[in-house]
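Whole structure, please, built from the sequences with the hints as guidance.
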Amino acid sequence: MLSLKGVSTRYGAIQALSDVSLEVAQGGIATLIGANGAGKSTTLRSIMGLAHPHSGDVLFEGKRLNRVPTHRIAALGISLVPEGRAVFANLTVAENLELGGYLQKDRNKLKRDMDHVYEVFPRLKERLAQMAGTLSGGEQQMLAIGRAIMARPRLLLLDEPSLGLAPLMVHVIFDAIARINAEGTTILLVEQNANLALHRSQHAYVLETGRIIMHGPSSVLAQDPRVKEAYLGE
Amino acid sequence: MKRLAWILGSVAILGLLQWAATAFLLDGPVRQGPYYYQIIILAGVNIILAVSLNLTNGITGQFSIGHAGFFAVGAYVSASLTYYGGPALRHALAFLPAFAQNGALLVIALLASALATALAGLLVGIPSLRLRGDYLAIVTLGFGEIIRVLILNIDAVGGARGFVGIPKLSNFFWVYLLATMTVATVWNLSRSSYGRAFLAIRENEIAAQAMGVDVTRHKVTAFVISSMFAGMAGCLFGHYTMYLHTNSFTFVKSFEIIIMIAIGGLGSIEGAILGAVVLTVLPELFRGFEGYRIVIYSLALILIMIYRPQGLLGRASLLGRRGGGAVTSAVKGGR
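Residue numbers (this note's numbering), protein chains in the order written: chain A, 1 to 234; chain B, 1001 to 1335.
Take the hints with a grain of salt, since some may be wrong.
Short, incomplete list of chain B residues facing chain A, as computed with Cβ under 7 Å [what the hints assert, rightly or not]: (1) R1196; (2) L1199; (3) M1211; (4) G1212.
Below, in silico cross-link-like pairs of lysine-lysine (DSSO-like), each with a Cα-Cα straight-line distance of 30 Å or less [said to hold, decoys possible]: (5) A:K111 x B:K1002; (6) A:K125 x A:K105; (7) A:K125 x A:K109; (8) A:K105 x B:K1002; (9) A:K5 x A:K228; (10) B:K1002 x A:K109; (11) A:K5 x A:K63; (12) A:K125 x A:K111; (13) A:K109 x A:K63.
Source of the hints: derived by calculation from the structure; they are not laboratory data. Computed from a prediction, not measured in an experiment: that's the story for all the values here. C-beta atoms are modelled at their ideal positions from N, C-alpha and C, and glycine is treated no differently.
Below is the structure:
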């Protein structure tokens, strides 16, 4: 569904990604793990058109995404949940969700999609008239994910959904991600919490200083001694 | 149907007020009536300027500091049109009854100023709004000054002498009709789903883009609409005072408009109206301190930033809370 072929991205003189190739198969959850600064977020930014690769190709369902503006990429069916959630703090929960469905012009469908989000995250329904900035971290993460699925994406990019959340909340969020996946949305998950990511995905890529150093089925990588030592702390 | 009733109602009320203002202030018993009348007119012009600037600065979150430049473009373009083309236009409008001719001429002048400033807005907006960051502030600051110096050197519009002999076409009715239109436009925009995208851009540009919002296009649209209204305000101003001088369009004027919206609360329409009225009336009350005006403005801005950064009204809306968003309330309550 999504493939990166030899993608290299620079920020000025700093090489953030070198020759990254990866495949995300339709219907599954793929994950990208790695340490801080390994280039995980840059990979998502390169897919979403927020960073521009200077070489290599980003292909989504066969269409080349390089140089396509971000808002068009969103219209093609890719949604991003940005790192740090990036909810619209001074707008209400409901307004945030409506903006998530910005490309949906049919009001009835919009309403149905909002009900779907409330079903996945009942907590949001209780908070719908509240300013997003006043929500707790976990609720903001729910809102960021809810907002992203309002666009009915075929591919959902998640950037560190567990960041800064209490363990209990992390489970709520990951159960919701599993549900969204089961309902037919392909997911590419970027995580620092490698243990969690490997358990919740089918295929995994390990990124180190901008290069993919290992990849394979998540269950196999979870048993790999190098992964265990470097990322699972065993 | 409802919209038509609104429009007709506003026109009728403004017409009545115009009649009352003429009877009591201009020809009537009130001492210094014409002076009060003029303050009311200037407040109206400032309301148009503040509410329109608020669309760019408060709602879309792009900082423009050259609103006076667009105000000047609108004023001088429309004044040139009625000064040089007035006789010919009047001849062409001769089929209209006498009382409607002034109005028709003013409408033409308003359209010309709107067109000219929309173009100027595009020219300034497209290059500077493609980039993220504070480029717009720098470019608009430069634009305002360039326009002023340019006008100062065009002899056909009076240059440093000022532009004399502009026909008096505007009055209370027209100024407040346009002020109402400005408020209605910004109000409706900020509540539509298209306009909600302006707020999204202010809140987080990257997230807005990821939602499918064409950020550059929206920023330019907001900026052009905002410039257009500033231009029309210029047209009404010039055709009321019958005299234009570049001193009315300096950086200080741009700064004044920014203070109006900062005092009232960035992003709040009611706040912009309040700020415009306060900053028109107060300087009149304190005429004696005129030389200190810019010092007082700066102090007021600093104090507001420290003690009430959300402005006097903040984001609070006098006309009802936004609550659960347009779709939710529309579908739920059937409103």
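Here is how each hint holds up against the structure:
About 6 Å separates the beta-carbon of R1196 (chain B) from the nearest beta-carbon of chain A, less than 7 Å, and the hint is met. Interface hint status for L1199 (chain B): upheld, as the beta-carbon distance to the closest one in chain A is roughly 6 Å, under 7 Å. Taken as an interface hint, M1211 (chain B) checks out: its beta carbon lies about 5 Å from the nearest beta carbon of chain A, inside 7 Å. The restraint placing G1212 (chain B) at the interface with chain A holds, with a minimum CB-CB distance near 4 Å, inside the 7 Å limit.
For a cut-off of 30 Å, the pair hint linking K111 (chain A) to K1002 (chain B) stands: about 26 Å separates their Cα positions. As the CA atoms of K125 (chain A) and K105 (chain A) are separated by approximately 22 Å, the hinted pair is consistent with the 30 Å bound. Between K125 (chain A) and K109 (chain A) the CA atoms are separated by roughly 17 Å; this keeps the pair inside 30 Å, and the hint holds. A distance of roughly 24 Å separates the Cα atoms of K105 (chain A) and K1002 (chain B); the hinted pair therefore holds under the 30 Å criterion.
As the CA atoms of K5 (chain A) and K228 (chain A) are separated by approximately 27 Å, the hinted pair is consistent with the 30 Å bound. In summary, the hint linking K1002 (chain B) to K109 (chain A) is supported, as the alpha carbons are separated by about 27 Å, within the 30 Å threshold. The hinted pair formed by K5 (chain A) and K63 (chain A) meets the criterion: a straight-line CA distance of about 13 Å does not exceed 30 Å. Annotation: proposed proximity of K125 (chain A) to K111 (chain A) holds, straight-line Cα distance about 13 Å (limit 30 Å).
Distance restraint check for K109 (chain A) and K63 (chain A): the Cα-Cα separation of roughly 27 Å lies within the 30 Å cut-off, and the hinted pair is therefore satisfied.
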